[in-house]
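Asker: Below, each chain spelled out in residue letters.
Protein chains: 2
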Amino acid sequence: MSKSKGSRAERELLAMFWENNFAGYRAAGSGSTPLPSPDLLVGNGKRYLAIECKSLKTKAKYLEQEQIKELIEFSKKFGAEPWIGLRFNNIGWYFIQPNKLKKSKKGSLVASLKTLKENGLTFNELIK
Amino acid sequence: MSKSKGSRAERELLAMFWENNFAGYRAAGSGSTPLPSPDLLVGNGKRYLAIECKSLKTKAKYLEQEQIKELIEFSKKFGAEPWIGLRFNNIGWYFIQPNKLKKSKKGSLVASLKTLKENGLTFNELIK
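Read top to bottom, the protein sequences are chains A and B.
When you read off a place in the first sequence, starting at 1, and then add 1, the result is the number in my numbering.
When you read off a place in the second sequence, starting at 1, and then add 1, the result is the number in my numbering.
Read the hints as simulated data drawn from the structure, not as lab findings.
This structure is a prediction, so every number in the text was calculated from the model and none was measured.
A hint or two may mislead.
A pair counts as met if it fits within one copy or between any two copies, since identical chains are not told apart.
The calculated EDC-like cross-link candidates involving lysine to aspartate or glutamate, where the alpha carbons are at most 16 Å apart (straight line), are [unchecked claim]:
1) K60 x E119
2) K78 x E20
3) K104 x E65
4) K101 x E119
5) K101 x E82
6) K129 x E74
7) K55 x E67
8) K106 x E13
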């Protein structure tokens with residue numbers, strides 16, 4: 002996935018949150034700081050969500066364990082729910098919490114459309 | 002103030018928060034989104050602070066009303082305390098909430114070292 006495509010997906014999702022009474026924003030370019038920072042951070046005064054975003058052309062993707070670990074650590078420290086948001090081409094967004102992800106035989110975390118449909122939430126379910 | 006100097010001040014402040022058990026991050030470049038986004042957003046699971054940062058060479062500065070208005074709106078929607086962080090050269094950081102700022106005769110908001118010493122907080126007071 003190109004960087005610009007990832008940014009587009011993040012901006013799309015951020016706009017969806019704003020339209021649904023959440024405020025929030027995108028992290029500054031990850032190159033500019035050694036500190037962990039999930040792609041999006043949104044809140045509505047009751048809930049706070051830290052979200053790592055991925056845009057997929059295929060129906061499954063391995064996730065970097067280090068990135069997921071950082072998402073969890075950041076969320077715990079900040080006081081937010083950790084979420085992974087996956088945008089499947091021509092299908093849309095699904096959201097899942099890190100502990101619901103499946104592991105491959107080699108221990109890698111896998112996000113597949115099948116898993117997301119079973120254990121994930123749509124955007125409307127997420128913000129309910 | 003140059004943009005890079007502003008970024009340096011933001012990074013310095015962000016590091017101070019991380020060292021004191023807050024997580025948080027800097028907003029992506031304001032040019033990339035039409036949505037309001039304060040410079041920093043930090044939290045520790047109990048408190049959430051949205052901070053507009055300024056670095057001053059002089060002892061007083063006029064603040065853009067529109068920026069302060071956006072800070073307040075963002076904070077209310079997200080669920081954070083709105084703060085303005087001012088870094089005075091060779092003196093350090095002071096923090097003030099928008100409603101404590103003084104107005105000039107023409108209605109502009111003014112942040113001066115005098116006002117900040119009287120009505121503002123130091124970093125250690127802020128995070129107490």
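Asker: With identical chains treated as interchangeable, where does the CA-CA distance between K101 and E82 reach 16 Å or less: within a copy, between copies, both, or neither?
Answerer: Answer is within; shortest intra-copy Cα gap is 13 Å, inter-copy 33 Å.
Asker: Which holds for K129 with E74 at a C-alpha limit of 16 Å: within a copy, between copies, both or neither?
Answerer: For K129 and E74, neither the intra-copy (25 Å) nor the inter-copy (22 Å) Cα distance is at most 16 Å.
Asker: Checking K106 and E13: alpha-carbon separation at most 16 Å within a copy, between copies, both or neither?
Answerer: neither (34 Å within a copy, 43 Å between copies)
Asker: Could you place K60 and E119 in one of the four classes (within, between, both, neither) given a Cα distance threshold of 16 Å?
Answerer: within (14 Å within a copy, 59 Å between copies)
Asker: Is it within, between, both, or neither for K78 and E20, if the alpha carbons may be no more than 16 Å apart?
Answerer: Between copies only: 12 Å across chains, 27 Å inside a chain, cut-off 16 Å.
Asker: For K55 vs E67, is the C-alpha pair at or below 16 Å within one copy, between two copies, both, or neither?
Answerer: within (15 Å within a copy, 34 Å between copies)
Asker: Given identical chains, is K101 near E119, meaning Cα to Cα at most 16 Å, within a copy, between copies, both, or neither?
Answerer: within (10 Å within a copy, 51 Å between copies)
Asker: How would you classify K104 and E65 at a CA-CA limit of 16 Å: within, between, both, or neither?
Answerer: within (12 Å within a copy, 50 Å between copies)
Hint compliance for this structure: hints 6 and 8 are not met, and every other hint is.
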